[in-house]
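Start from the sequences, fold in the hints, and give me the full structure.
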Amino acid sequence: MTQAELNLATTSDMVELPNLRRSLWDRRSLTSAGLSIGTWIAALVACVPLFSVLIMLIIRGGSKISLALFTELPPTAFEMGGGFGNAIVGTLVMVGIASILSVPLGITAAVFLSEFGPTTKIAEITRFCAKTLTGLPSILAGVFAYAAVVLVTGTYSAPAGGIALALLMVPTVILTAEESMKMVPRIMKDAAVGMGCTQTQVVWKVVLPTAMPGMITGVILAVARAAGETAPLLFTALFSNYWLIQGGKLEVMQPTASLAVLIYNFSGMPFENQIELAWAASLVLVFIVLVLNLVSRAIGERKI
Amino acid sequence: MATNTGQTIPDSDEPISSPPTGSEVLFDRIFRGFTRGCTWFIILLVIYIVVEIGGKAFPAMKEYGLSFLTSTTWDVNKGRFGILPEIWGTLYSSLLALIIGGFFGVTMAIFLTQDFLPHKLQMVFKNIVELLAAIPSVVYGLWGIFVLIPIIRPACDWMNAHLGWIPFFGTTLSGPGMLPAALVLSIMILPTVAAISQDSLLAIPPRVKEAAYGMGTTRWEAILRVMVPTAAHGIFGALVLGLGRALGETMALAMLVGNSNQISLSLFSPANTLAAMLALNFPEAGRNETQVLMYAAVILLLITLVVNVIGQVIITWASSERGSK
Amino acid sequence: MTAALDTQEITSGDQPTNGRPAIDCKIDELYYGDFLAVRDSHVPIEPKKITGFIGPSGCGKSTVLRSLNRMNDLIRSFRFKGHVLFQGQDIYASEVDPVAVRRHIGMVFQQPNPFSMSIYENVAFGLRLNRYKGNLNNSVQKALERAGLWSEVKDKLKNNGLSLSGGQQQRLCIARAIATEPSVLLMDEPCSALDPIATRTIEQLMLELKEKYTIAIVTHNMQQAMRVADKTAFLGVDISHNGRTGYLVEYGVTKQIFEAPQEELTKEYVRGEFS
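Chains as they are written, first to last, in my numbering: chain R, 1 to 304; chain S, 305 to 629; chain Z, 630 to 904.
Bear in mind the hints are in silico, worked out from the structure with no lab data behind them.
These figures come from a predicted structure and were not determined experimentally.
There's no promise every hint is true.
Pulled a few chain Z residues facing chain R out of the computed Cβ check, cut under 8 Å [said to hold, decoys possible]:
(1) M700
(2) V728
(3) R731
(4) F738
(5) Q740
(6) N742
(7) F744
(8) S745
(9) G755
(10) L758
Ideal placement from N, C-alpha and C gives every residue a C-beta, glycine not left out.
Here it is in structure tokens:
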């Protein structure tokens, strides 16, 4: 082809240049923008319940907050006033029992899973059991504690409730403790071994101290969950309108009040006073739970 | 820089190092054995739970057999028991919660991981979702009774009045019912679904995202055609675990579902679930009824166990798949 | 089960000066599972000298070093045939407790790995572990002085060890290792994660430390071996049997290894013909 023919060819077969200009109105960008708007709306909608709950708690519960709530006993049917001091004590006692049972057990088992036998068959089975326990409905923890403790001891009691709560705490403690210990760098453990530590000394002197912030976070989260649980306590600790401490002694082998069960019981009553107390108790409970969550987060994010 | 070999302090005459003492060696062996013992304890505990509940349920299981699962009467006096309405209620409420909570949860996960927000705002939303999970179930129940039901009742009654021929809107919302229960349930499983879906989406290697954008996709084409399918297994696992959570949830349902032994497609009719029934009937139950309730507990245990195990397996499989890529 | 090394026989303080090696390392066969990692390597580690291990990657020099204090035991599939005589006793004998061995031999790793504790506690770690009854402050100061770190950290002993720079962390690890005055110090590529200035500081340190300690060092840096090592062991890789097995090619005085090697392979390596 001559040069003239080439020129002719290129000008007549004009190639269409792609349209690079930004356009909001073509179908693809419109769809994308629409979906983004929808997502924003969905995200905001998902946040509404939290704020609604918190606001209602403050409005309806906050108005009734007074010292009397913490010092007085729950009111009976037509009584006015009253408080839930015994419920707070009961919750603290049962969560305390649950922690004493679940934390040492959970951390010790986690030491095995992370340090002494991470790849053994028994470790795999234990991890599977822990993960299965995370899915245990809380009511079934109560059913179990009923069968294993209440029927055996012949009475509703705080330990029965505590054992049910411990069942719910153990998986969280084990799994978060194992995770925290695994995060301790391998080379740090090598250093301890190189210094002549026995395996147990490596764990006690290096692994546990280094993993402590993470483990505490896990424990506090488990405690926060246990404090809010109702179902496991319904027929293990039942409820009580009296203080746990009677005549100077801590009587635990009797039905025990708790904040969660109080809220549940009072929410169904047709009395304005009780319903107001339920809101106040909810405020206190949520406050405790939120504080625990914030504390666990603060500990977990502590830098060196 | 000058180093100092530190001859200012004399060396010790005796060796500093010594082998581990007998008590150190002994303690090492004891402690290691003790940790192993603790793991055995956990395993035996799980077995004990199953055996205890199953054992107490056995007489009722023998007596009522499988008709327990298909009968709808619950008459303590006549000794006739059936949990079909509860099974229906459990499955229906959980399914509804899964659809609603799953949708919002996955959307939230996408929202938080696909560069919609600056980091600070991301943290704010993440915290909100985590706090949603922290609120105790009984408080949600209280909120549901006094806030949610009054709010949705007008809309529900309107739907019943005008669209009542659709089975889902067949009855009026007299108070507690399937819909408020399912709504609260979906709020409760949203954080679970969101958290696990987030993990799956975050685990996608950046090069996958780069490949999608490099082809000229819009943001949502990249998300829907590439990111979500890549994370599909993890998201599916998240949904299954969310379902597991919904199946086992007790208090919010006990307070909101209406505790009525009926089977109905209507979203507004009261119903009952296995967990709620246990919560309500157990405290007052006599010897006979207790055994039957244990039977119901076994069924609930089985359902939640199966769903949770499947969910765990999917998640494990999804993350090992990722690991090998 | 295991008898501890008798403290009367093993002293961390005095070194045998009768020509006996501090550690006599004879590896006949060393396996990880079915994989033969090292064979036929007999290296005497001489007291109060620096013995360097050099060789191409994969020749097993780190493996050999870690055999000297039974660190390889941490790997499940590890199997050892040969002997490692530490002051007369074979540390692989069945009655020997590896934990006891490691009390008497110090190790510094490739990556600085101070514990997540204060600088003071890092150095005091070994002293506390061995229930040292003497003055802790003095010993900590002495170790930090010997490691050339004292002047830089003496006002911040309570700070976490991980807050130091890389070079400082490594010197902290050296201080930690020598605080208990072990007779032998093993160093596994101690400078590979450090910048040239920090490297130089640590090399200088080594030359001072050898007055008191026996040192064995693994390095992939030939010039470093030339600068610090008295004796050098060159390990090569044998690929003849379908695997990569390390073995001792040549051992001798450093000057001779680098200037007049006897083996052809050594010649090629020190000339930089492969690495």
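Status of the hints after comparison with the structure:
Evaluation of the Z/M700 hint against chain R yields a held restraint, the C-beta minimum of about 6 Å falling below 8 Å. Annotation: interface hint on Z/V728 holds; nearest CB of chain R at approximately 5 Å, less than 8 Å. For Z/R731, the shortest C-beta to C-beta distance to chain R is roughly 4 Å, which falls under 8 Å, so the interface hint holds. Among the interface hints, the one on Z/F738 holds; its C-beta lies about 6 Å from the nearest C-beta in chain R, closer than the 8 Å criterion.
Hint status for Z/Q740 relative to chain R: holds, with the closest Cβ pair at about 5 Å, below 8 Å. Look at Z/N742: its Cβ gets to within about 4 Å of chain R, closer than 8 Å, so that hint holds up. About 6 Å separates the beta-carbon of Z/F744 from the nearest beta-carbon of chain R, less than 8 Å, and the hint is met. For Z/S745, the interface hint holds, since its Cβ comes within 8 Å of a Cβ in chain R; the closest pair sits about 5 Å apart.
The interface hint given for Z/G755 holds, since its Cβ lies 5 Å from the closest Cβ of chain R, which is under the 8 Å cut-off. The beta carbon of Z/L758 is positioned within 8 Å of a beta carbon in chain R (closest approach about 6 Å), and the interface hint is therefore held.
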